[in-house]
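A.B. asks: Here are the chains, one letter per residue:
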Amino acid sequence: MSNVKHYPKHAWYVACTPHEIEGKPLGRVICGESLVLFRVGNGEVAALEDFCPHRGAPLSLGTVEDGLVVCGYHGMKLNADGKCAAMVGQRVEKFRRGIRPYPAIERHGYVWVWPGEASLADPGLIPDLHWARSPDWAFGGGMFNIRCDYRLLIDNLMDLTHETYVHASSIGQPEIEEAAPDTVREGMSVTVSRTMENIPAPPFWQDALRGNNLAADVPVDRWQICRFTPPGSVMIDVGVAHAGQGGFDAPESCRASGIVVDLITPETDDSCWYFWGMARNFNVGDKALTEQIRASQHRIFTEDLEMLESQQRNLSANPGRSLMQLNIDQGGVHGRKILEELLARE
Amino acid sequence: MSNVKHYPKHAWYVACTPHEIEGKPLGRVICGESLVLFRVGNGEVAALEDFCPHRGAPLSLGTVEDGLVVCGYHGMKLNADGKCAAMVGQRVEKFRRGIRPYPAIERHGYVWVWPGEASLADPGLIPDLHWARSPDWAFGGGMFNIRCDYRLLIDNLMDLTHETYVHASSIGQPEIEEAAPDTVREGMSVTVSRTMENIPAPPFWQDALRGNNLAADVPVDRWQICRFTPPGSVMIDVGVAHAGQGGFDAPESCRASGIVVDLITPETDDSCWYFWGMARNFNVGDKALTEQIRASQHRIFTEDLEMLESQQRNLSANPGRSLMQLNIDQGGVHGRKILEELLARE
Amino acid sequence: MSNVKHYPKHAWYVACTPHEIEGKPLGRVICGESLVLFRVGNGEVAALEDFCPHRGAPLSLGTVEDGLVVCGYHGMKLNADGKCAAMVGQRVEKFRRGIRPYPAIERHGYVWVWPGEASLADPGLIPDLHWARSPDWAFGGGMFNIRCDYRLLIDNLMDLTHETYVHASSIGQPEIEEAAPDTVREGMSVTVSRTMENIPAPPFWQDALRGNNLAADVPVDRWQICRFTPPGSVMIDVGVAHAGQGGFDAPESCRASGIVVDLITPETDDSCWYFWGMARNFNVGDKALTEQIRASQHRIFTEDLEMLESQQRNLSANPGRSLMQLNIDQGGVHGRKILEELLARE
Chain A
1 MSNVKHYPKH AWYVACTPHE IEGKPLGRVI CGESLVLFRV GNGEVAALED FCPHRGAPLS
61 LGTVEDGLVV CGYHGMKLNA DGKCAAMVGQ RVEKFRRGIR PYPAIERHGY VWVWPGEASL
121 ADPGLIPDLH WARSPDWAFG GGMFNIRCDY RLLIDNLMDL THETYVHASS IGQPEIEEAA
181 PDTVREGMSV TVSRTMENIP APPFWQDALR GNNLAADVPV DRWQICRFTP PGSVMIDVGV
241 AHAGQGGFDA PESCRASGIV VDLITPETDD SCWYFWGMAR NFNVGDKALT EQIRASQHRI
301 FTEDLEMLES QQRNLSANPG RSLMQLNIDQ GGVHGRKILE ELLARE
Chain B
1001 MSNVKHYPKH AWYVACTPHE IEGKPLGRVI CGESLVLFRV GNGEVAALED FCPHRGAPLS
1061 LGTVEDGLVV CGYHGMKLNA DGKCAAMVGQ RVEKFRRGIR PYPAIERHGY VWVWPGEASL
1121 ADPGLIPDLH WARSPDWAFG GGMFNIRCDY RLLIDNLMDL THETYVHASS IGQPEIEEAA
1181 PDTVREGMSV TVSRTMENIP APPFWQDALR GNNLAADVPV DRWQICRFTP PGSVMIDVGV
1241 AHAGQGGFDA PESCRASGIV VDLITPETDD SCWYFWGMAR NFNVGDKALT EQIRASQHRI
1301 FTEDLEMLES QQRNLSANPG RSLMQLNIDQ GGVHGRKILE ELLARE
Chain C
2001 MSNVKHYPKH AWYVACTPHE IEGKPLGRVI CGESLVLFRV GNGEVAALED FCPHRGAPLS
2061 LGTVEDGLVV CGYHGMKLNA DGKCAAMVGQ RVEKFRRGIR PYPAIERHGY VWVWPGEASL
2121 ADPGLIPDLH WARSPDWAFG GGMFNIRCDY RLLIDNLMDL THETYVHASS IGQPEIEEAA
2181 PDTVREGMSV TVSRTMENIP APPFWQDALR GNNLAADVPV DRWQICRFTP PGSVMIDVGV
2241 AHAGQGGFDA PESCRASGIV VDLITPETDD SCWYFWGMAR NFNVGDKALT EQIRASQHRI
2301 FTEDLEMLES QQRNLSANPG RSLMQLNIDQ GGVHGRKILE ELLARE
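Line by line, the protein sequences give chains A, B and C. 346 is the number that the numbering used here gives the last residue of the first sequence; the numbers go up by one with no jumps. 1346 is the number that the numbering used here gives the last residue of the second sequence; the numbers go up by one with no jumps. 2346 is the number that the numbering used here gives the last residue of the third sequence; the numbers go up by one with no jumps.
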């Protein structure tokens, strides 16, 4: 492997969901850093090196007591700053040595960490997931660990042509690859848009229309607007409306739409954490519908895993080999340029 | 591992059986090259690098349409020459860039590939498996992937002394190791012969005699004539005849015999594909007998796997350590010399 | 990994238990050396390189006949000196070449090997496990393979503070960490002692008291005296007595005690074999009690495995990072110094 890191470290990344640290610490590698995450109390969360300064045991095998993480080997207690706070029979409070703390914040339904220089960690840089704060939206999602460079997953989400092949039975349809995408870079984000008019709705969207109590066996207009924001966010406006009603601008009464939420965090150079989900603003009180959509999305996104991991193995076996840059690849190409600009600043 | 390859590349190797590429492409590593194999039509087969030039996905995860392999990620189609042939919404036919094709031919019940310089690939060099073209012969076989240098498997097959120990309950018997082998090199092939007279038939051969409607509980003469031809073919004339009837030259009416077919293809420096089987020219219409022999052979050859893979691990942990060259090892020793001569020419 | 070995080679190590070599050879890696162990007869055992000089197959896949190990591939027979002794159809006795033999002795219920220079192997250096030779003691035990540097296991056993956390439901109790340990080095051994007075007995010791037909729900005095002797022995005098009867010196009639037996053998730089058990001198004829204690100990010691292997992974990922040396760590710290002194002599 090359020693060149391909992810910015001065950035907020999703490390876990809040329920993963309920009542116990969690060990997770983020951007090559081995972290223990835990809940301090009062809505505060903490991230430290997952390395007890006493004998090197992982703190994530321990417990949490009164906002301190307690090593499960010999009982060293550390606070959210990574300082030795207490240990039975020992005066460890006097030690200047501790372990590295990482800025960590719980927001919008996720725990975010900043793996780089702590003094630069501005909470204002955490993206605003507006749907997570609103009663007008419902959300369901999940998480995968994928053995691929996180940029391959960004490429995947910025070129939905692959739906025709990888997801042929659910959200794919030939009309996607037949529609040319429109790619626009604005500042440090990139948007790839595709619209398809007067086409049949594929099975996933027929289910969604029915979930919104609308006819599903009529022609629709379909849209996909993928927006990448570094380091690892791809938000995709997706939906269908009965044909001829205005497409993306059609009234709520004849459409089903939502936001595909993709928050991607590098684990190592060639593996990543993928927090995925779907936010929708129709029929939001219907929890069975939320679960049905979540299960469909789980099944569909699982189809990408083998492809992404096989692609990674192929690329690792062929280092430096150049790939094509077709028009459908421009979203990913621009995304990588933005990441390289951020890395050059670091 | 050393960087010295121990297999010739300018040679035909069995890559797969035809049924492995029925209706879908197949990914397989041959001599360190990652290939996708597929059926073009009209009896033609093709082998390409298993690497889509678009984004590096393995083509073997895709499909085959009209003699083209279609990438399962975004739909790039490649022809048997490795050229971009079509892609919906793209004019990829204009690209000069493609991927490397490898000479591939279906013949004698196998798909053969030539991993070296294509211009040297003479189909006339494919060995003539005469029994595969004849109604007078029946054949059953299978395939293993073994984590050992292909030469260890050649050694194994050129010294059947091991049957006494590894296959004691089926084809092994003390009389094998008591009979001195006769080793002869002729040109680029080596033959090791062993004959045993007036001995009991071991269980496998008792079954074969009964399968040919002959008495099995009488003394027999037994023969094993192993012939190695580079790069990876070991054909073994094996059989028993009622004792005193002429042995190898005994009439059909008092013998059971056949050819043990061993076609060995390096996968990497320390792993290989092993296409094995048995061809026989008695009672050839009896499909149950074919299946019984195939199942026996599968069980017997499985006994070699642990030994070969353990031997490989031992040798890898002791690089450069020299081994003995007893008279029983001369078949393998000469085989390696022939391979080195071929490698020196390359 | 560093190339510096952390285990002395001029030392006796437990390689296996006698029942592991009943009727067949055993392959085992000891101090980085791949050995085959087998029983020669007359109470003698042998250890050789696990590498047949003929073709490099592991001898441990073979058999034992008349005190010789017989290779399972082609039948080479080797004697306890590593010399070729016989082979059907071959005159291998003439060969000067053989394989390396290692001093091996069966004693005190274990098979011991000396992986270093054979001429230095003095049987008088094998520790005297007096309880193994006495009808006044009963013993039960087992073996683990652990993916950690053997010194981490020595650290573990020389600081029983961890019982409070790792074994909270069996032998752990808060009073352990509250009692300061007393560490004494004498010559080439280290002893760490802890006594706790007038405390409740934890579940394991309540069971032991009941196993000795004593009241278990009364206050006890408890002791733990850990003694490390290089290279890998930690013998721990453990027990409880009804409170106020003299503790360690209390009469047999009001105590339950024993020796925790820990014999640790490096496998590689970061893995080890752990032969554990408990010897007791009360109610020694009660085999059900022996089995009950063995099963408890198996369950308890299993709790250490995840911690030790996780600690090793953390340390391997942070090479050279220094750890703390609290008073509770002094047993392990002195143990490492003793090992380094032995290594410096080598």
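Calculated from the structure, these hints are not laboratory results. By construction, the Cβ of each residue, glycine as well, lies at the ideal position given by its N, Cα and C atoms. Be aware that one or more of the hints could be misleading.
[As the list claims (entries may be wrong)] Quick list of the computed label-pair ranges, beta carbon to beta carbon:
| no. | chain 1 | residue 1 | chain 2 | residue 2 | range |
| --- | --- | --- | --- | --- | --- |
| 1 | C | P2018 | A | T268 | 54 to 60 Å |
| 2 | C | T2302 | A | S169 | 33 to 39 Å |
| 3 | A | T268 | C | P2127 | 50 to 56 Å |
| 4 | C | R2091 | B | P1123 | 56 to 62 Å |
| 5 | A | E175 | B | D1066 | 39 to 45 Å |
| 6 | B | A1344 | C | S2119 | 43 to 49 Å |
| 7 | C | E2340 | A | G142 | 38 to 44 Å |
| 8 | C | G2067 | B | A1215 | 18 to 24 Å |
| 9 | C | R2091 | B | A1168 | 19 to 25 Å |
| 10 | C | M2143 | B | R1133 | 54 to 60 Å |
| 11 | C | E2197 | A | E106 | 56 to 62 Å |
| 12 | C | E2340 | B | P1174 | 52 to 58 Å |
| 13 | C | F2144 | A | T302 | 33 to 39 Å |
| 14 | B | D1066 | A | D286 | 56 to 62 Å |
A.B. asks: Hint by hint, say whether it matches the structure.
C.D. replies: Verification of the hints:
1. P2018/C to T268/A: 54 to 60 Å: Roughly 46 Å apart at Cβ, these two residues miss the hinted range, so it is violated.
2. T2302/C to S169/A: 33 to 39 Å: Because 46 Å falls outside the window, the suggested range is violated.
3. T268/A to P2127/C: 50 to 56 Å: 45 Å, violated
4. R2091/C to P1123/B: 56 to 62 Å: With a Cβ separation near 48 Å, R2091/C and P1123/B fall outside 56 to 62 Å, so the hint is violated.
5. E175/A to D1066/B: 39 to 45 Å: 21 Å, violated
6. A1344/B to S2119/C: 43 to 49 Å: This hint holds: roughly 46 Å between Cβ atoms.
7. E2340/C to G142/A: 38 to 44 Å: 51 Å, violated
8. G2067/C to A1215/B: 18 to 24 Å: 42 Å, violated
9. R2091/C to A1168/B: 19 to 25 Å: 24 Å, holds
10. M2143/C to R1133/B: 54 to 60 Å: 58 Å, holds
11. E2197/C to E106/A: 56 to 62 Å: 47 Å, violated
12. E2340/C to P1174/B: 52 to 58 Å: 55 Å, holds
13. F2144/C to T302/A: 33 to 39 Å: About 37 Å separates the Cβ atoms of F2144/C and T302/A, which means 33 to 39 Å holds.
14. D1066/B to D286/A: 56 to 62 Å: Distance hint for D1066/B, D286/A is violated at roughly 45 Å.
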